[in-house]
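From first to last, the protein sequence lines stand for chains A, B, C and D.
Residue 1198 in our numbering sits at position 82 of the first sequence, and the numbers go up by one each step.
Residue 1164 in our numbering sits at position 48 of the second sequence, and the numbers go up by one each step.
Residue 1230 in our numbering sits at position 114 of the third sequence, and the numbers go up by one each step.
Residue 1178 in our numbering sits at position 62 of the fourth sequence, and the numbers go up by one each step.
All the given hints hold, so there is nothing to weed out.
Label-pair restraints from in silico Cβ distances:
(1) Asp1135(B) - Asp1170(D): 24 to 34 Å
(2) Lys1122(D) - Asp1137(C): 26 to 36 Å
(3) Ala1132(A) - Ala1173(D): 54 to 64 Å
(4) Arg1224(A) - Ala1205(C): 37 to 47 Å
(5) Lys1222(C) - Asp1221(D): 58 to 68 Å
(6) Asp1200(C) - Gly1225(D): 17 to 27 Å
(7) Asn1214(D) - Ala1212(C): 28 to 38 Å
(8) Asp1170(A) - Gln1138(D): 45 to 55 Å
(9) Gly1168(A) - Asp1135(C): 15 to 25 Å
(10) Gly1168(C) - Pro1219(A): 42 to 52 Å
None of these hints come from the bench; they were simulated from the model.
Note that CB positions come from ideal geometry on N, CA and C, so glycine has one too.
There are 4 protein chains.
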Amino acid sequence: MIDNKKLAMALRSFAAERDWDQFHTPKNLATSISVEAAELLELFQWSRGQKGWDEIADASLRAKVQDELADILLYIIRFADKADIDLEAAAERKIAANAQKYPTDKFRGTDRKYDE
Amino acid sequence: MIDNKKLAMALRSFAAERDWDQFHTPKNLATSISVEAAELLELFQWSRGQKGWDEIADASLRAKVQDELADILLYIIRFADKADIDLEAAAERKIAANAQKYPTDKFRGTDRKYDE
Amino acid sequence: MIDNKKLAMALRSFAAERDWDQFHTPKNLATSISVEAAELLELFQWSRGQKGWDEIADASLRAKVQDELADILLYIIRFADKADIDLEAAAERKIAANAQKYPTDKFRGTDRKYDE
Amino acid sequence: MIDNKKLAMALRSFAAERDWDQFHTPKNLATSISVEAAELLELFQWSRGQKGWDEIADASLRAKVQDELADILLYIIRFADKADIDLEAAAERKIAANAQKYPTDKFRGTDRKYDE
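Based on the provided sequences and hints, a complete structural model is requested.
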């Protein structure tokens, strides 16, 4: 369980204590999510497709991955809190929509949907 | 509450039914998070700083924002599930680390930390 | 004038001398362009729309901006060289296409095209 | 040769005719570069490292790649023009700096520099 309400409250206090709410515009938070996402991506910048999930076991890489995933999660929780959006409901709607969009019989084993 | 276990299970089934697990490498999921983050950012591409949170009330923009936030959330849940990472614990560690890194008396009301 | 042929040759030698050509797949170079673009964006992460072009005169920010723009330029030149794409011709086609897509009488002074 | 002066002039006229200069702040152009970079990256989102340069020969993919590279080039030319930055000089300085940073004897055949 991710207690996003509790995390959102912690982020509110964090911003209030530093008077940073003024910087938390939709554009700035969207920018921050992109910047953190790129930091996660950078960890895999030059891998030639050979990197599997076992490599995340490496303690140093794992710590960085955790850090970047946490940054992204916190910024989307902050964005959703400011915009009064229910993240879990949005995620459930999206899963249902994707099941419709990609019927199993047409998309099994192909990445066709993606690159075309 | 975000039931990330349940969402992770739904994503596992979704991938298994389509034989898409093979595409879900660390690099590809990190790529996907960046791509979705850019789609969120694109919604605010040309705003001149004047866009506030009240504008997210616009139904069309709001639907797109929800959609992109959901995509990002689902991909980080999928990444964390594959990597066996506890997202909530990582987020709580991060908040604690940030509190240390940005003491309120030194960073109040300034974006100095960011752009320097 | 940007002598992209000369820069492409320099990048070829650079990669050959380090045996890095193997890492320069389409996906890895596309990843690198995104990572560098995010580093440029990070320089403006928290600005509230108030930052104008005069601020780029600041020597420290200016040096970072130059650095990131150079990284992006070098990676797109490298990508175009590997893919045998004529960057200038592509840019001229794009300008012509945009002139068609955004007739002046319909798009003057509005960012409507963008955010809708 | 990329005639960046000529392209910059074309972009100036393009913006002036539409009164779009007001939207071309440093942050908005940096955002645009990131958004276009992600659109390029999306073309390779799910490839499993197996995609080589020969696949860019595919006419449909090739057209999209050219389009995205052109978008990125035009936005960095526009950014450099607004900021009065000499792109070629910046690129040459960067190549020289990289040669110092990655001596051939220490970095041959390894992606160590990158992921560590």
